[in-house]
Amino acid sequence: MALLVTAQQLSSVRAGRTLFADLSFSVSAGAVLHVEGPNGAGKSTLLRIIAGLLKPQAGQVQLFPQHSADDPDYWRRQLLFIGHKAAVKAELTALENLAIQAQLDGADLDDPWQTLETVGLLGLEDIPAQQLSAGQQRRIALARLWSSPAQLWILDEPFTALDTRGIELLQQRFAAHVHGGGSIILTSHQALSWQPSALQRLSIKHVDAELGYE
Amino acid sequence: MNKASYRSLVVALMQRDFKVAMRRKSDSINPLLFVLMVVTLFPIAVGPSHEVLGRIAPGVIWVVALLASLLGSERLFRDDYLDGSLEQMVLSPAPLELLALAKISSHWLLSGLPLVILSPFCALLLKLPIEGWLTLMLTLLLGTPILSAMTAIGAALTVSLGRGGALLSLLLLPLFIPLLIFATAAVDSSLLGMPAIGQLLFLAGFMVLTLTLAPLAVAAAIKVSVN
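If you read the protein sequences in the order shown, they are chains C and S.
Residue numbering for the first sequence follows our numbering, beginning at 21 and increasing consecutively.
Residue numbering for the second sequence follows our numbering, beginning at 5 and increasing consecutively.
Careful, some of the hints might be misleading.
Said to hold, decoys possible - Anything over 10 Å on all C-beta distances counts as not near chain C; from chain S, calculated:
1) S12
2) T44
3) V56
4) V64
5) G76
6) V94
7) A98
8) V120
9) L165
10) L205
11) M211
What the hints assert, rightly or not - EDC-like mimics (lysine to aspartate or glutamate), calculated; alpha carbons at most 20 Å apart, straight line:
12) C/K105 x S/E55
13) C/K75 x C/E111
14) S/K131 x S/E55
15) C/K225 x C/E111
16) S/K29 x C/E111
17) S/K131 x S/D83
18) S/K227 x C/D183
19) S/K23 x S/E78
20) S/K29 x S/E101
21) S/K23 x C/E111
22) C/K105 x S/D87
23) S/K227 x S/E78
24) S/K23 x C/E177
25) S/K23 x C/E145
26) S/K131 x S/D87
27) S/K29 x C/D93
No wet-lab data here; the hints were simulated from the structure.
Glycine included, C-beta positions come from ideal geometry on N, C-alpha and C.
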């Protein structure tokens with residue numbers, strides 16, 4: 021199986037506090053990595069490090085190690101990151117948000133209406149996102165998953181604010197993505213109801229806990 | 005991604021900024037309103053005499069233009085930073101420098117260009133002799149892109165610092181001083197009946213230099229700020 025991510029001895033220090041140290045793992049194509057840990061353990065930090073938005077204190081992350089030599093920008097096209105901040109423009113409508121997101125991803129949005137229907141936003145496409153509910157805004161952000169050509173998805177708490185129907189829908193999309201050889205790295209406090217064949221769990225604990233920090 | 009899709013991405017990003025600006029009109033109109041207010045208040049405060057007003061008009065208009073550009077500067081990347089769009093730009097397959105240039109261009113079209121268009125009106129209110137009007141417009145046309153590009157560097161550097169407004173002004177004002185000197189000197193020489201081409205060429209050179217290098221600086225600053 022082709023490796024998509026290899027991380028070696030990652031350490032991160034934020035605000036003088038060691039979040040995690042010597043974290044090593046790898047993710048191969050078709051695998052799901054579920055990062056677990058209590059609030060403030062550094063899950064989001066880890067995801068941002070993998071996505072290349074943050075530099076680790078020590079260690080290194082390699083994305084698509086097979087491709088990195090001949091095409092240094094390959095990972096940018098093959099990576100999709102949705103963080104806490106959903107990158108949904110409050111003044112723009114769902115349709116406009118979808119279009120600009122697809123442009124930034126370098127994706128072809130053949131049928132935005134189809135995508136809107138899939139994520140259950142049909143009929144709300146001409147309302148500015150700020151007037152929609154938190155869950156509906158989340159759906160706008162997650163609609164990227166239906167158009168993105170990326171092989172590796174990094175999702176920080178994708179289920180936040182979604183209703184059970186939305187969570188169900190998202191997991192169906194996850195299953196299809198993994199089935200097609202894609203990989204997902206996600207954090208979630210919620211157990212997945214869908215059981216992927218290659219599920220890895222990564223628990224992050226407070227390194228400093230024994231030193232009396234909180 | 006090929007060249008054609010880069011171009012459509014730049015266009016899409018600029019269209020996005022325009023749509024956002026159109027739906028939040030007060031933000032883009034505020035700096036222009038500020039300019040108009042200062043320009044109307046000056047003749048009342050200084051007195052309507054030709055000699056005094058006409059003499060200080062180029063300086064007043066340029067100082068107001070500088071301050072107006074600082075007024076909206078903090079917001080250039082703030083919204084993109086807060087809603088996460090900036091992260092997505094960093095991760096986009098398109099070069100960040102190109103996206104920075106798109107942001108600078110839309111900022112200029114929304115804040116600089118209206119100022120250029122408004123300048124004859126300001127010149128009229130401040131009784132600037134007619135010989136200086138064309139030069140004033142040209143200096144603004146060459147100078148406002150510099151303002152947008154410099155502001156973008158400052159805004160990108162301070163975007164992650166909650167309230168970076170004061171720091172941003174402190175950072176940027178010294179950089180604007182050469183621009184101010186050359187722009188007002190150009191208008192002054194055409195008021196004296198001398199050619200202003202020397203100063204204008206200097207401004208054009210500044211503009212080309214900042215527009216070429218600013219996207220690189222903005223991209224580097226954004227990468228630091230999203231950390």
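To see whether the hints hold, each was checked on the structure:
Chain C draws S/S12 into its interface by the beta-carbon criterion, the shortest separation being 7 Å against a cut-off of 10 Å. The Cβ of S/T44 lies farther than 10 Å from every Cβ of chain C, with a closest approach of about 31 Å, so its non-interface assignment holds. For S/V56, the condition that its CB be more than 10 Å from all CB atoms of chain C holds, with the nearest at approximately 44 Å. Separation of S/V64 from chain C is adequate, the least Cβ-Cβ distance of about 34 Å exceeding the 10 Å criterion.
With a closest Cβ-Cβ approach of about 16 Å to chain C, S/G76 is found to remain outside the 10 Å limit, as its non-interface label requires. Not every C-beta of chain C lies more than 10 Å from that of S/V94, the closest at about 6 Å, which undercuts listing it as non-interface. With a minimum CB-CB distance of about 7 Å to chain C, S/A98 fails to clear the 10 Å threshold, and the non-interface call is violated. Distance check for S/V120 against chain C: the nearest CB is about 26 Å away, which clears 10 Å, and the non-interface claim stands.
Even its closest Cβ contact with chain C, about 15 Å, leaves S/L165 beyond 10 Å, as expected for a residue assigned away from the interface. The Cβ of S/L205 lies farther than 10 Å from every Cβ of chain C, with a closest approach of about 38 Å, so its non-interface assignment holds. For S/M211, the condition that its CB be more than 10 Å from all CB atoms of chain C holds, with the nearest at approximately 28 Å. A distance of roughly 56 Å separates the Cα atoms of C/K105 and S/E55; the hinted pair therefore is violated under the 20 Å criterion.
Between C/K75 and C/E111 the alpha-carbon distance is near 32 Å, which puts this suggested pair outside the 20 Å criterion. A hinted pair counts as satisfied when its Cα atoms are at most 20 Å apart, and S/K131 with S/E55 qualifies at roughly 9 Å. The hinted pair formed by C/K225 and C/E111 fails the criterion: a straight-line CA distance of about 39 Å is larger than 20 Å. In summary, the hint linking S/K29 to C/E111 is supported, as the alpha carbons are separated by about 11 Å, within the 20 Å threshold.
Note on S/K131 and S/D83: the hinted pairing is violated, with a Cα-Cα distance of about 39 Å set against a maximum of 20 Å. Proximity of S/K227 to C/D183 is assessed by CA-CA distance (about 34 Å); at most 20 Å being required, the pair is judged violated. Only pairs whose Cα atoms come within 20 Å are accepted, and S/K23 paired with S/E78 is accepted, the gap being roughly 19 Å. Among the hinted pairs, S/K29 with S/E101 is inconsistent with the structure: their alpha-carbon atoms are about 27 Å apart, more than 20 Å.
Proximity of S/K23 to C/E111 is assessed by CA-CA distance (about 8 Å); at most 20 Å being required, the pair is judged to hold. With a C-alpha separation of about 5 Å, the suggested pairing of C/K105 with S/D87 holds against the 20 Å cut-off. Only pairs whose Cα atoms come within 20 Å are accepted, and S/K227 paired with S/E78 is accepted, the gap being roughly 17 Å. Straight-line distance between C-alpha atoms of S/K23 and C/E177 comes to about 30 Å, which puts the hinted pair past the 20 Å bound.
Pair hint S/K23 plus C/E145 holds up; C-alpha atoms about 15 Å apart against a cutoff of 20 Å. For the hint linking S/K131 to S/D87, the alpha-carbon distance of about 45 Å lies beyond 20 Å, and the restraint is violated. At roughly 38 Å between alpha-carbon atoms, S/K29 and C/D93 are farther apart than 20 Å, so this suggested pair is violated.
The structure fails to meet hints 1, 6, 7, 12, 13, 15, 17, 18, 20, 24, 26 and 27 from the earlier list, while all remaining hints are met.
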